[in-house]
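*Asks:* Sequences are here, hints too, so could you generate the full structure?
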Amino acid sequence: MSGSSDQSGAPAGHTIVNSGGSQVIPASGYAGNTTVNAGGTQIVSGGGQAEQKPEQKPEAQKPAAPPPKRRKILPRVIFLLVIIVVAIAAVFYWWSNRNLIDTDDAFTDGRAITIAPRVSGQVVKLFVNDNELLKKGQPIIQLDPRDFQAAVDKAEGQLEQDQGQLNAAQIAYDKAKVTYPADLLQAQGNLEVAQANLLNAQRDYRRQHAVSAAATTQQQVDQATAGLGQGEGQLKQAQGQLQTAQLVQENIDTAAAQVKQLQGLVHNAQASLDQAKLNLSYTTVRAPQDGWVTQRNVEAGYYLSAGQSIMSLVVPEVWITANFKETQLARMLPGQAVDIVVDAYPGLHLTGHVDSVQMGSGSRFSAFPAENATGNFVKIVQRVPVKIIIDHGLNPKIPLPLGLSVEPSVDVTKTVTDGNAPGVENEVPPNQ
1 MSGSSDQSGA PAGHTIVNSG GSQVIPASGY AGNTTVNAGG TQIVSGGGQA EQKPEQKPEA
61 QKPAAPPPKR RKILPRVIFL LVIIVVAIAA VFYWWSNRNL IDTDDAFTDG RAITIAPRVS
121 GQVVKLFVND NELLKKGQPI IQLDPRDFQA AVDKAEGQLE QDQGQLNAAQ IAYDKAKVTY
181 PADLLQAQGN LEVAQANLLN AQRDYRRQHA VSAAATTQQQ VDQATAGLGQ GEGQLKQAQG
241 QLQTAQLVQE NIDTAAAQVK QLQGLVHNAQ ASLDQAKLNL SYTTVRAPQD GWVTQRNVEA
301 GYYLSAGQSI MSLVVPEVWI TANFKETQLA RMLPGQAVDI VVDAYPGLHL TGHVDSVQMG
361 SGSRFSAFPA ENATGNFVKI VQRVPVKIII DHGLNPKIPL PLGLSVEPSV DVTKTVTDGN
421 APGVENEVPP NQ
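Counted the way UniProt numbering counts, the sequence shown spans residues 1 to 432.
Check each hint, because a few of them may be wrong.
What the hints assert, rightly or not - With a Cα cut of at most 25 Å, we get these calculated DSS-like pairs of lysine-lysine:
hint, residue 1, residue 2
1, 397, 135
2, 277, 154
3, 135, 125
Hints are computed from structural coordinates only; laboratory data are not their basis.
*Replies:* Right, dumping it as structure tokens:
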């Protein structure tokens, strides 16, 4: 019953109990009526006399209130339960991850091949677009080939000229091997003939001078004298020819040297032709292997110098470079299994293994290594790059660009075999 009940509406002989628990005895017309408030005090209204007595309140009308001690204990119990649950969760988390080493200082890595022409020239045709996947040998750009084609034609002409001279020298060498020995034999024969003729002339000369003048004529004497001189001259000539003919091997060697010299010229001409053809082939720049076009900075009409970078080609092979703290390396070994989460693709789950640990921290190979030999020293935990090979989980339809942030987690109790399947336990004991 509400404590703000109207007293005038209460009939005679009834008691009205307000919210305070006091009995109110109304005035005239309501004699005998009382109101009992919540505190058990009787209030007599009107001309009646209030009688103070404890109120006999029904049990159904008393407000329910918890005991004071129970209200103080319940929050403490809840707080204690929360602490216990948190402690259990912390212990479970530590137990589950005690053999895992992770870091968020990691990113995707790979090989980006710089593409540059090997000869200078103007770009006459461009075959690729940005971020296009290329196959090995696919053309990228075409340089103007006309100057290089002219160089090929010139080299071919020089080669033909040198080859003709070599052919003539080869014929002369082959001929020398036959003619020079024959000339020697002929010179030897001529010498023998000259010697025989000289001997006959000497006999005739002696005979003409041995007889009396009456038995011969002056003409015969003169002929014998002339024959002797002629025989002597022929002998000297034959001897000279023989000396020349005796240089057979020297003459053959000279012919052979001429052949070798011309062979060298032909070889040089062939090399020049090969280089000219190679330079001509360089006018078409091709992809050295499969990969994606990145950072393209070339257009048709550009003049390029040899070695000038025109784009980068990112090969499909991707791995993870994770910079672990030096305090995390004690239990890390090549071959340990790794779970990898990619920030860009939360639903992509990759697995791999530790490939190798770099023999030097990142600061050691920086452009300006720290000099700790002077000044005050502040110890800083160094980070060492670790290469992680991805074994499973790569989706050909999902690109994995270089430099994406990843979070690898290394399980030091598990290794992989051949980069494909979990292997036996490694020698590093788990952290008990």
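*Asks:* Determine for every hint whether it applies to the structure shown.
*Replies:* To see whether the hints hold, each was checked on the structure:
no.: 1; hint: 397 x 135; result: holds, 17 Å
no.: 2; hint: 277 x 154; result: holds, 11 Å
no.: 3; hint: 135 x 125; result: holds, 18 Å
In this structure, none of the earlier numbered hints is contradicted; all agree with it.
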